[in-house]
Each structure stands twice: as C-alpha cells, then as structure tokens.
Amino acid sequence: MKSSAYANLQRKIITVTLLVSFAPLIILGVTMYYQVALMCKDKTEEHIKYRARAQAQAIDLFLKERTAILSAMADTHSFNDMIDEKNLSRVFEVMNLRAGAFVDLGVIDSAGQHLAYVGPYDLSGLNYYQESWFGEVMSKGVYISDVYMGFRQLPHFIIAVRCWEGQRSWILRATIDPNIFGAIVLSAQIGKTGDAYLVNKAGIYQTHPRFSGKILTEFNLDTKMFRGGTTVIEARGSLGNRLLYAGSWSNNNKWLLVISQEPAEYMRRLFALRNTEIAIIIFGIFAIIMTTIFTTRLAVNHLRDSDAKMNELNAQLIQSDKLAALGKMATGVAHEINNPLNIIIQKTGWMEDLLAEEEFQNSENYGEYKKSIEKIEYHVERARKVVHNMLGYARKMEPHLEDVDLNRTINRTIDMLENYARDNNIDIQTDLSPDIPIIASDEAQLQQVFMNLISNSIDAIGKDGLIQVKSYRIKENITVSITDDGPGIPRDQQKKVFDPFFTTKQTGKGTGLGLWICYSIIEKLGGSLSFRSKVGEGTTFTISIPLIVPEKK
Amino acid sequence: MIKIPTRVLLVDDEKDFVEMLSLRLKEMGEKVTLAYNGQECLEILEKENIDVVILDIKMPGMDGIETLTEIKKRFPIVEVIMLTGHGTTETAVEGMKLGAFDYLMKPADFDDLTVKMEGARKRKDEQEERIRKAEATFLLRKSGNI
Amino acid sequence: MEGIRLLLVDDEEEFRRTIAKRMTLRGISPEQAGTGEECLSVLEKKPVDVVVLDVKMPGMSGIEALYHIKEKYPKTEVILLTGHAATQDGVEGIKAGAFDYLSKPIELDHLLGKIKQAYDKIRREEEKLREAEFREKMEQQMIATERLASLGTLAAGVAHEINNPLAIIKESAGWMKLILNKEEFAEIPRKQDFDMALDKIEKGVERAKRITLKLLGFARKGDSVLAEVDLKELAGEAIQLVGREAANREIEIVRKMDVPENTIWSDPYQLRQVLLNLITNAIHATESGGEITIKLEVTGENVALIVQDTGQGIPKENLEKIFEPFFSTKSPGEGTGLGLFVTRGIVEKLGGTIEVESQLGNGTSFCIKLPKYLEVKEDLEGNHHADLLDKIVKMG
Chain X
1 MKSSAYANLQ
11 RKIITVTLLV
21 SFAPLIILGV
31 TMYYQVALMC
41 KDKTEEHIKY
51 RARAQAQAID
61 LFLKERTAIL
71 SAMADTHSFN
81 DMIDEKNLSR
91 VFEVMNLRAG
101 AFVDLGVIDS
111 AGQHLAYVGP
121 YDLSGLNYYQ
131 ESWFGEVMSK
141 GVYISDVYMG
151 FRQLPHFIIA
161 VRCWEGQRSW
171 ILRATIDPNI
181 FGAIVLSAQI
191 GKTGDAYLVN
201 KAGIYQTHPR
211 FSGKILTEFN
221 LDTKMFRGGT
231 TVIEARGSLG
241 NRLLYAGSWS
251 NNNKWLLVIS
261 QEPAEYMRRL
271 FALRNTEIAI
281 IIFGIFAIIM
291 TTIFTTRLAV
301 NHLRDSDAKM
311 NELNAQLIQS
321 DKLAALGKMA
331 TGVAHEINNP
341 LNIIIQKTGW
351 MEDLLAEEEF
361 QNSENYGEYK
371 KSIEKIEYHV
381 ERARKVVHNM
391 LGYARKMEPH
401 LEDVDLNRTI
411 NRTIDMLENY
421 ARDNNIDIQT
431 DLSPDIPIIA
441 SDEAQLQQVF
451 MNLISNSIDA
461 IGKDGLIQVK
471 SYRIKENITV
481 SITDDGPGIP
491 RDQQKKVFDP
501 FFTTKQTGKG
511 TGLGLWICYS
521 IIEKLGGSLS
531 FRSKVGEGTT
541 FTISIPLIVP
551 EKK
Chain A
1 MIKIPTRVLL
11 VDDEKDFVEM
21 LSLRLKEMGE
31 KVTLAYNGQE
41 CLEILEKENI
51 DVVILDIKMP
61 GMDGIETLTE
71 IKKRFPIVEV
81 IMLTGHGTTE
91 TAVEGMKLGA
101 FDYLMKPADF
111 DDLTVKMEGA
121 RKRKDEQEER
131 IRKAEATFLL
141 RKSGNI
Chain D
1 MEGIRLLLVD
11 DEEEFRRTIA
21 KRMTLRGISP
31 EQAGTGEECL
41 SVLEKKPVDV
51 VVLDVKMPGM
61 SGIEALYHIK
71 EKYPKTEVIL
81 LTGHAATQDG
91 VEGIKAGAFD
101 YLSKPIELDH
111 LLGKIKQAYD
121 KIRREEEKLR
131 EAEFREKMEQ
141 QMIATERLAS
151 LGTLAAGVAH
161 EINNPLAIIK
171 ESAGWMKLIL
181 NKEEFAEIPR
191 KQDFDMALDK
201 IEKGVERAKR
211 ITLKLLGFAR
221 KGDSVLAEVD
231 LKELAGEAIQ
241 LVGREAANRE
251 IEIVRKMDVP
261 ENTIWSDPYQ
271 LRQVLLNLIT
281 NAIHATESGG
291 EITIKLEVTG
301 ENVALIVQDT
311 GQGIPKENLE
321 KIFEPFFSTK
331 SPGEGTGLGL
341 FVTRGIVEKL
351 GGTIEVESQL
361 GNGTSFCIKL
371 PKYLEVKEDL
381 EGNHHADLLD
391 KIVKMG
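Chains as they are written, first to last, in this note's numbering: chain X, 1 to 553; chain A, 1 to 146; chain D, 1 to 396.
Quick caveat, the hints were computed from the structure, so don't treat them as lab data. Yeah, the Cβ is synthetic: ideal placement off N, Cα and C, and Gly gets one too. If a hint is listed, it holds; no wrong ones were tucked in.
Selected chain D positions facing chain X (in silico; Cβ < 8 Å):
1. MET176
2. ASP193
3. PHE194
According to the in silico footprint, chain X covers these stretches of chain D (three or more CB under 8 Å from chain X):
4. 141–151
5. 340–351
Produce the entire structure from the sequences given, and follow the hints as far as they go.
Right, dumping it as structure tokens:
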C-alpha cells in the first residue's frame, strides 16, 4: 500500500470514530440540558404559583379580618353612639389597635349622608347617595371597593358594612391604608426581577407594581387569561421582555394577585449548569479527538509496519526463489562444462603420448612442451573439482542417512568457499581432530550447515580477517566450532539470529533463511547449534552432533 | 618494419596464467615483466618504464580496483587493461570510470588482447607526444621571454 | 454418519442381527463377526474405522481381541460392550486403548453417538497427522530451496573459479601453438596432429567459456529493469532453457503467439522468470506425449499470456492453495515450492493479474494479464547502471 492509502485509511477511521463518539455525547448533552431546563422551569412555576396562592390567601385573610372587625364595631355600637365623633374616634383607635391599616372611619345614614368622620380628611357632610358602592352596600350588607381616587384624589379602597337598628339602617365605612396593603402584596415578590401586584377584573392595577406601570393604570395582560384558582402563564411583559406570570384570584374573584418573574432569574443556575456541561463536552470531545488520533495513528503505524514486514518477507521469498532458480540453472550449466573439460583432458593425454615417442625426446622445446601439458592437465582438474563440488552440493535434495566423514565434508565446504574468502582477504584455518569416526548422518544437509555458517562468517568479517574451523570429539558427541573475528552480533539481535527471515545482509545477498535452516537441520539430526558472540571480538558458532556409528552392512 | 616492443606488466595472482601469457607475449616480441599482486605491481612501476599494465581485478590483498586507483594516481600516463573473471560489468564499469583503457573477460581471446594492447600503447604514445610538444612550446616560450 | 466402516463383534447372533438391521436403517451397514478370531480375520481383509466388541465371548475374549486390534491396527477405535455389572472389564478395556465401553443392554442411539465420537476422533488424528506431514514437507522444501539459493549466490564465484583455470589452459595451448608455427618447427613430424589437438583444446576452452558466461549471465540478471519486451522472443528463450527437459519427457511445446503487437514495456528478466516457472510447472504436470500451448492475446490496453497444459489438472481443494508459499506437490529436489507464489508476486508487481483454470484430467491453464505499458511506480534499480554506461559511451 502506498503511504497515501495509509493516510486515507487513517482519515477514514478517525472520521468514523469521531462521528460515532460525538453524536451520542452531543445528543446526551442536549437532552440532559433540556430535561434540566424543563425541570427548572417546572420548579420555578410551582414556586411562584405557590407564592401567588399563598399571597392571595393572605390578602383574603387581610380583607376578612378588616371586614370582621368593622362589622363587629358596627354591631356592638348603636347609631347614636357612632355619630358622636368622640365615640367614633375611640372605635377607630380600637380598630387600628386590633387590626391596623385603617386610614379613616365614617358613619353614613341610609340617605347617604356622611354623619360622622374620623380621619385625616375632612369628609363629613358629603353625600354618598349617588355613589355606586352606596347602593351595593345597602343591598348586599358588605362591600369592598376597588381602588379608586375618590374625593381625596389618592388611590385607596374602602370597606363598608351595613347595620340594622330597628327599622333604621346605617353604614360604617373604613378606608384601608394603601401603603400597608401595597406592602403586603409586594412582599410576595421573589428575587431581583420578581414583582407582585393586584389587578382587578377589569385589568386595572390595584397596587403599585415594582417595575412597570402605575396604580390605576391598565395591566398589560388580559385578566381572562388567568382562569379560576391559580394559573401560570408565560408572556411578554410591558417592557417587551419575556416573563413568567402566576395569577391567583382573591377577594371573591374580584382581584387577581399577580407574581411575575423573569425566566432568566431561575435560569441562572441552569446557565451555570449549561456552561459546566459545555465545558465537560468540549473537554470530552478534545479527549476523544486526542485519543482517537493517537490510537488510530498507533494502529495505522502498526499496520504499516506489519505490511512492510510482510512485503519484506515476500521480497525475501522472491529473492530465495530467484537465487534457487539461479542455483538450479547453475548446476545444469555447470554440468555441461564437464564435456569440454573431458575433450581437453583427452587431447592433452594424446599429445603426451605423441611426445613420448622417441623423435621428440631431443627436441629443444620438449621440456617446455611437457611442462605446458602438465599445466593444462592440472588446471583442467582444478576446474573439474570446482564443478564437482558444486554438483555434489546440489545433488541429493531428499534427506537421507549415509556414512559421513565429517572432516572431509568440512574440507569440501571450505574448498567451495576458499576463493570467496581469499578474494576478501580472509584466511580460513582448520584444526580438525583426526580421531573423528565415520558417522551416520546426512552429508548434504551437514554441508549446507557448514556452508551457511562459514559464508556467514565471511560476510560478517567483510574484509581482512580470520576464520577458524575446529572439530573435536567430546565423549559421545562431535563438536564443530566456527569462529570469526568479525564485528560480533549486537546483544539486541542475538535473540533473533535463528528466526526465519532475520537478516542483516542487504537484499540480494542472503535469503534470511540460512541460520534458521542450520538450526532446524541440526535439530533434526539430533544435535544442537549454539553461538557465543561479543561485539568487537567476533562470533563462534558451535555445532554438536551425536556420534552415531553407522550400522554394519 | 621493425617492431618496437611494448613494455607490458602482467599482474595476476594466478602464477600459471601470468607465466603462460608472458611466454606468449614474449614470443610476439613484447617486453614482459611479471607481478603477482598489486603491491608488487606498484613497486615495479616505480622502478621500470612500463607502457601497458594488464591487471586482474580479483586479487587477494590489494585488489585490482585499488591497484588501478593507485596506478592512475601515481603514474597517470601508464595505460591499464583490466582482466575480469567475474563477468560482472559493474566492476568493469567502475574500472572504466577510474581511467582504465579497456577490459577483457577471462579467459580472454589472445587476438583481442593484442589488439587492445596495441590500442593502449598507441594512446600512451600519443599522450607522451602531446606532453613532449607541450613541454617544447613551454620551453620555447620561456626562452623567448628571456 | 455415512461412510463409517464399522465392525460388529458379538457371539449372540440374534442381538448382532437386530443391531445391524437397525443401523442399516440409519445409514451404516456394519460388518459382522461372531468371535474374536473372526473379527481379526475380517480386519485383515478390510480396513475398519470402528469396532464394536463384546467382552464376553467364547474362545478369544473381547479384551484379548482388543489387544490384538490395537497392536495391529493402532488407528482403529474400539468400543467395548460389557455385561451389566462388569465395569471391571470396561476399565481394563480403556486401559488397553479402547475408545469407551457401554454396558448391556445398550441403547442404540447411545451406541451410535459413541461410534460417531470415535469416528470424529479418528478424523481429528488423521488431520493432525496430515498437518504434521505437511509441515515436515514444507520444512524440507525450505531447506532444499535454501541450498539451491546458496548455490545461486555462489554461481558467480563458481564461474570465476572455472574461468581462471580456463584462462591458463588457453594461454598454454596458445603458446604451444605459437611455438609449433615457428619456422624451425616446420619439419616437425606429426605437426598436423599437434595442431589439431591444440585446436580442439582451444575450442574446448571456448565452449567452456561460453557456458560460464551463460552462468554469469544468469547471476547478473537479478536487477529490475524496464525495457521493451518481445513476448514472442521471450517465450522462445524460455522454451529454449527448459527445452531439454520437455524433450526428455516427449512433451511438445506449441507457441500460438502470432498477434500484430507482441511487444510490451515491462521487466524482461522478471517476465522470463514468470514464464520459466509456468512452463516448468506445466512440464512437471504433463505426462509424456502431452502438449503445452503458450498463447498470446491482445485486448485493449492489456495482453494476456496463457500457458496451457494437457496434464492431470489440479484438484479443486488445492486450487486455492497453489499460490501459497511452500505449497508444492513436487518432491523437495524438484521444486522450490515458491514458484507460483513468486510468479504471482512478480505479476502483481508488474501491474498484472494471474488466474488459473483447471479441470481434473484435462489439464490446467494459467492466464497472466499484463498492461501493455508498465508505468514506473517505484524507483527501479538499474537506472544507476544505465547512467554509468551513458558516461562510458561519452568517454569513449
């Protein structure tokens, strides 16, 4: 595979991994956020709803208390007592003492005439007969007004009760302090942006809202949106911002207590949560990206390495085949050389015979001729030996047992490699013990082992060096050691030396199978192969094979 | 025509080869000197006047390529014909780059060898002639200046 | 279950028959024997996978028979049938190498299950054995390959070692001839004989030299180069190299390569190796008197080289394995086991594909498709070489 293909693969893996891991993370984050937001909103709604209801009840209680004390006063005093302003002011004091929040108190007869008055305004003498609330009180007995400006030009509201004294009826009327009342309403508000106020059915502010609008001005929402009991709606406030409204009806459904709040208020914690969540997600994404890239790179590199190894292995196999094919052809070709060599040797022999005839004996060139012919014969023999060695090595591919003279095998192998060694200025010395008996073994395979080990030694030395080959007998074993004074094998490579396809030679030189094959051949022959190596000093390979005497035939 | 003998130096570690070839060359009327390794070859060049060196590439010790480098460094005018038994053009190519006159594959055809030797000899003579002329002009100019 | 060779041994004929009948219904038809002796004689005549053996029999007892069976036919599995309370026999039987034992009365399904298990065991063992054999063979193959490969590495050196004595022989002969032709030797007796002998020697050296040059040529052609390749010529070359082997086996090699365009741009040496591998394989697969056809077809931007033989073909189960390294049906001396693996490697490197089609008994055909023009993807070696040659040409 080309490097671009690896980059492509890496990109693909990263993309898919990231997609697969981001999607759930983000979906989870978003869902969680919305769930929490929903919960938060629910809770806030619940909260303001509860506040609104409680406050509405508080207002009802407030009004009931005021109405009750007013009725009690009316019932326990006679009309005549009441129109005496002295008595009336005493009643007023008692009422303010017991309940408070009354601004003034007045007595009105059935004709609407304001007969007596205690309070800061001079209202006695006014006739209320025309006022709408007058009729209401007269018919219903109790009346709580909406907030209005009235004669005193100040927003306020009144509570009036009707009393019966024999055939006569009269009205006790009290004004409620708008500030105290407003304060009670306002106390329902929550937080910095929260607001609380009263609105009547017609949508007129009954108390001062905290932020927008004024008392007796119009409420920006339709009160019909608030159904009975307590309702929460979300709507735009008068300033255009989104607000959460909770409305609870009180005062016999005449007044609506509204608590409003900006969602942002309760969202603040949610935002904090959101920020944390986003931070966590970003951190998570970052971590995922890093680990994905890291692991993918690791995996792809690993793949690339193993591919490279595989390729190298294939290259080595191809190389071995190439060399094997070459070896095969070489043996075939080498065989052919024997033919011309035979002709040459025959012709020289014949010339020798001719020279042996008398007439030549005295010829002046006789000596030199004789010498030349001998030289030819010697060198033909030399060439023949080379071919013979090579063919001997190539023949017998099937494993089989035969009588082996180990020293002779070693010498033959060295013969084949001597020239190679000499060319590189390497001396091969032998110290072969003469008391090694003939053994039963596989000569071709043993020669293969010696060949590999010695040529490895030559390659290890490179140029100028010494190889020592020794053979000796230890009890029932024969040991052959091959020592070179090459650079030695580094410690980290020593373990791998016998692995198949391990090679330090450049491609084209070795198959990488050599030592592995030596090892398996020797093992199969029942022996052992080991080595000792020191960097800078050289390497010794030691073969130990059992002494198996061939059976007598 | 009287043949001026070429002064040949044969270098090969194969003793028999060097001897046989020298016999043949001597028979042809050349003046042959023998050396069996690179070191010896350089020593002889130091002492004797040689036209052509026939040099084997594969030799133990100082090999043919090293020897060739050394010859071309120290005796640039001497022509070298390389002998290779290996048949690998790589070494031959390397030799040509280093300034060898030509190369021959072992076992070489004797006629080929003599032809190439003549060629080498001729080139050497021409070179010498050129150098002599150059020296002459140099001397002339010098005397003219005085 | 089918294909199990079963032998039923029991002295009670009635029991034997019933079981045999019921087994036949389920696809196994067992041999029958009434005594231990009979059992052994049946085994001698016919190989059997599983023997169901009654322990209690007159004459030779089941256990005794078991010992004989295990000694003579170690691969045969034995299931013992023992009497109800005779577990002792069963244990002894297991020790002696029985697969298992069942107490009488037996349940047929149970027995069949056991037979199947025994058969599976045999098959597993066989598989293991085959694998070990294969591994052994592969290792031998690798050893042989390596030996040839080390010879290959030595080939150039060997050529050199032969060339040196050849050079000496040549010079000797040349010198002798020179002397012989001198004027003072004009009158020498039998001059012509000498002349002829020396001529012959020189010719012999020439011949030997040509051979070593060929050897060196092989050794050298390992590098990759790209060049114009005449496929027809290349096939001719390859046929020449293996021609003798084909002739020895009386195999005819036919070329059908007459197409207008028979040259492509590729690596000639690698392609030659491919062709050599395929033709050699074909020769080995073809019996004497057979025919090998090499065809060339041109289709668009590709050429197809087809090597077809009339050999025995490749069994289907091997068809997938033939491209694996060290898979070989030849003996270690004949092939490297790498041939087709390497062939595929080379073909793919040259941008082509290789396909095989085979019919048992009718022969095999390998089809290589190659691009007409191989684009250089890697930095192929050899450019360096060409550079140097260029320089030399300019120098000259």
